[in-house]
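Line by line, the protein sequences are chains A and B. Taking the working numbering, I'd label the letters of the first sequence as residues 1 to 184. Taking the working numbering, I'd label the letters of the second sequence as residues 185 to 1059.
Treat the hints with care, since some could be wrong.
To be verified - Sample of chain A residues lacking proximity to chain B, with all beta carbon distances greater than 10 Å (derived):
1. F35
2. K95
3. T130
4. D156
5. T171
6. K176
To be verified - Okay, the calculated beta carbon distance ranges per label pair:
7. A:D85 with B:N238: 26 to 34 Å
8. A:K92 with B:G468: 20 to 28 Å
9. B:K378 with A:V106: 22 to 30 Å
10. A:D85 with B:N248: 37 to 45 Å
11. B:G353 with A:K92: 49 to 57 Å
12. B:N280 with A:V106: 26 to 34 Å
13. B:N238 with A:T109: 38 to 46 Å
14. A:K45 with B:G468: 21 to 29 Å
Unchecked claim - Some chain B residues judged to face chain A by a derived CB distance under 10 Å, without partners named:
15. F345
16. D362
17. R363
18. V367
19. N389
20. I390
21. D407
22. N427
23. R430
24. V469
Rather than coming from a laboratory, the hints here were simulated on the basis of the structure. These numbers were taken from a predicted model, which means no experiment stands behind them. For each residue, glycine too, the CB sits at the ideal point set by N, CA and C.
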Amino acid sequence: MSLNRVTLIVVVLFYAVSALGQSKKFTVQKSEMSFTSNAELELIKAQSTETQGLIDPTTNQFAFSVPVQSFKGFNSDLQRQHFNDNYMESSKYNKASFTGKIIEQVNYTQDSVYTVRAKGELDIHGQKQTRIIKAKLTVRKSDILIDADFNVPLADHNISIPKIVSQKIATEIDVKFRGTLVQQ
Amino acid sequence: MIKRLILLILLFRLPLAFGQSPYFQQYFLLKKNDPVQIESILKDRTGFMWFGTNKGLFRFDGINTKRFTVADSLSIDHVTALAQDSTGKIWIGHKNGQLSTIDREVVTKVTFPEGDATQEISDILFASDGTMWFATLNDGLYYFNEHLYRLDEADGMPDIFIYDLEEDGDGSIWAGTDRGAVVCTLKDRKASLKVLDYKSGFPDNIIKKMHYREGRMTLATEDAGIFIYDINAARVDIHPNLNIPRITDFLMIGDSYWLASSGSDLRVYDQSNDQMNIYRPQPGVFPTVLFDDEEGSVWIGSRNGLFRSLGRDVKFIDGSPVSAITVDTTGSIWLSNDDGLFKRTVDKNGNTQTRQYLNIAPYTKYKVISLFTDNQGYIWCGFYGQGAIRMNPATGQITEIRNQLGNGNVLSISGAGNKVWLSTLSGASMIDLDKGLAVTNFDRSKGLDCDYVYQVFVDSKGRSWFASDREGVAMLDNSGFHKMIDNLASKAVYGFAEDATGTIWANVQDDGLYKFDGQQFQPSQVLRNINVNCLSSDPEGNLVAVHDLGIDVYNPSLGVVHHLDNEIGFGDRKPSLNATARDGHGNIFFGTDNGVVIYSRTSLPETKPVATIDKFRIFNRYKDRSKGLSLAYDENNVTITFLGFWYQDPQGVNFQYKLENYDVDWIPTADHSAIFSSLPPGSYTFKLRASVDGNFDNAAEDSVSFVIRPPFWQTTVFYLLIGVLAAFAAYTFVRRRERNLQRDKLELETKIAERTYEIVKKNEEIQAQAEEIKAINESLEKRVTERTFELERKNKALEDYAFINAHNLRSPVASILGLVNLFSHAKGEEDAKELIEHMKVSAERLDEVVRTITESIEKSDQFESFKKGEEEGID
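Between the sequences and the hints, there should be enough to build the whole structure, so can you do that?
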């Protein structure tokens, strides 16, 4: 499934839910997604605040995507360029996405904190993997806070690291996502 | 004796240089640089291994791999589930939800009239009642029993994303989903569902994998590890040591759990000693699929590779060369190498910690060449020139033993009970633990007739055996020293071991093992290699010898040697001389030039290679054996190919075969085929058996029977037919002959009758003719008489004619003649005329006479003719 199709799903979900007049979806108002590569010889960090996404409270389905080129940080511009050109091939795979369903039941009408597992397809570098990602869902009157930490093995997504820099890039990347979603 | 108390400071921890691990053999289904993602593993009942991958279906026999793809009619290449039905057919589930089957290498797509699944098939299961079940990732649960049925939320499924299927003892099918386990029970092809989840006490709802055993279902979850559900008691048992998150697959082998979880670690939890071991088949490999076979091998599939491990018998701790090794009472391994002395400890969770000891002066300059753990748990270290120390492993307290020794080069340390023996370059020293480490040196002055002692071994009878470099063996018992050197090919002896029968074995340099017969050591070549570096014995009394070719385990009771080499991945390790130790569990540790080898023989049932006849070929044509083999007389050049399924060491399999009714005895071969040329007609049975150690006793046999029919002209039917034909021909001949004879007889009789008739008739005719002849004769006589009369009459006439002629004719003739004469004398015409006139008269007279005579004769002839005509008219 291409990223365009993922975006399409997000849009379709959005309008479908709205059109049916059911409970309105939650969409990302603000977010920060960061990743850390903690290799033997180098620590690399980058962040993006351009994550888009929504949760449909009626079906527990969700969809999130982030433009790969929106990540900033890194230890140098050259490193960022290598990240986009050599590893993520962001011109070809311009978005990373995670779409699926929250396994646990969540009462979106009552303030509470839920530890849920979001199961879906994590699509990075054009390679999809079915993943279950734990997240903390804080349901409040006006919004939902999402807090999720997970790791991404590069091998799962066909991202190969040249041996010459293997000590500078970790084989598993730690990802953190913090987001606030509001109901439309 | 110098006592020093040194609290050793553990300066640093070594990284995981010493990870204990069994051997993991890697397989490349395609090219080495073309990784294949293993999705499903199956061993069929023949013995073939099947691997469902993202690049097709692979069949593997240990040596050869055969790949099936869409080109072979697979629905798609991506295979995600495999199962074998009761007919032997392999069912293949695909990433796209479709199914295929493969039977005798023929792939067939499966479509259901009710429609096919639309999502990845995660598992296929053939229940004991014959129903086929298959689970999908997000398309529900299907079962096929004459028709295809689908179970989803509307039927009571809590979720339609199903990871795994398992059948319990009651025949119910368990489906692991994201929202608990669903227990499906079929009645009249209708499924009733029961959901087990948090409400049932499950620690987690995401059920990834299940295994049923004796009324208990073991379930692996996403976040709560593995727990056990007692079905009858409806009770959940949670094992705290199995709380491993994100388990993708697991196995239960004996008392062990093999766990694959996200990450590159493969965890093996041994319930018997509550020990978790962490293995890493290869860096960067993430095990996802596990499968265990009858050999005891565990197959590990991952996203980028395939591995197999016996997981038992032998494990390795790869690392630097090890010159000495011992195991303390806590199970920690102490080993020495050029870098110093190290202690390796594994905690309950399988985490390994290695620490260096003696890395303070003056020991940093010493080289530890021997290690030993005494019965009080102290560690002994022997140095090269600096004597030995005794160390309390808990406190680090050291007692030096140096000056009391006859020699400071401690080649090995051994002992029994409260006695510790140091082998040195000047005899041996015995140290009594109960007497304040009192040292007694044994050298030539004490009757030990050798200087360089490799090892002192104390046997179960309390005798001490000394292995020397140049003087063979010395033995010390209550009566003193006894020297044994006569039968030894080499006077250098490295060490000893005692087997289950109490027999002492000596490891002789370059000449293998020698067995002590009570008086002397006798050569006994029972091993593969005569250059044995380490010799020990396991708790069952088997000799365990390590050499460059691997490990030989000799059972003295059975006289059988079990070789361990390729199957355990021994590789080209070189064992260090006498670097061996045993722990309290009977595990034997050997130091090598590449770390440590741990031998721990398990009591798993002995397995043997499975000999299987693969194909039956006549010339270059394969014959389908399933339909029986009845061959024509000229189909007598037979090639039978066979396999020996022994994935531990497929190249080490040897076969014996025998073609009954042809071969007198079993024929050994390492090939995988047997060729029989120009077989005479007859019934044959080809029998095959396999072995890896040359012992074919009790080896399972496979066989195939076939018949080569004789040519039709050599068949009984043909003989019978020929006999029948011959009999028929003879019968026909006789019948025909009889008929001919009969016919001839009739003809003859007819002829005879005819002839008789003819004869009678002829007789009659003859009689008539006789009578006629008689009459004719009588007539003839009459006619003779008449003719005689006639003749007489004619004679009379002739006489008359003659008379007449004489008288009547003569006169005119004479006249003429006279006239003629006169005519010659005539003188003128007148005379001539006159003479002619006279001659005319005389001629007329003559003519008259002649006419008269003629008439007279004619009258006589006419009469005769008339008479004759009358006679003929009568006839």
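Hints, one by one, checked against the model:
| no. | hint | result |
| --- | --- | --- |
| 1 | F35 | holds, 18 Å |
| 2 | K95 | holds, 23 Å |
| 3 | T130 | violated, 7 Å |
| 4 | D156 | violated, 7 Å |
| 5 | T171 | violated, 7 Å |
| 6 | K176 | holds, 18 Å |
| 7 | A:D85 with B:N238: 26 to 34 Å | holds, 27 Å |
| 8 | A:K92 with B:G468: 20 to 28 Å | holds, 24 Å |
| 9 | B:K378 with A:V106: 22 to 30 Å | holds, 26 Å |
| 10 | A:D85 with B:N248: 37 to 45 Å | holds, 43 Å |
| 11 | B:G353 with A:K92: 49 to 57 Å | holds, 53 Å |
| 12 | B:N280 with A:V106: 26 to 34 Å | holds, 32 Å |
| 13 | B:N238 with A:T109: 38 to 46 Å | holds, 43 Å |
| 14 | A:K45 with B:G468: 21 to 29 Å | holds, 23 Å |
| 15 | F345 | holds, 7 Å |
| 16 | D362 | holds, 5 Å |
| 17 | R363 | holds, 7 Å |
| 18 | V367 | violated, 20 Å |
| 19 | N389 | holds, 7 Å |
| 20 | I390 | holds, 7 Å |
| 21 | D407 | holds, 7 Å |
| 22 | N427 | violated, 15 Å |
| 23 | R430 | holds, 8 Å |
| 24 | V469 | holds, 9 Å |
This entry does not satisfy hints 3, 4, 5, 18 and 22, going by the numbered hints stated previously.
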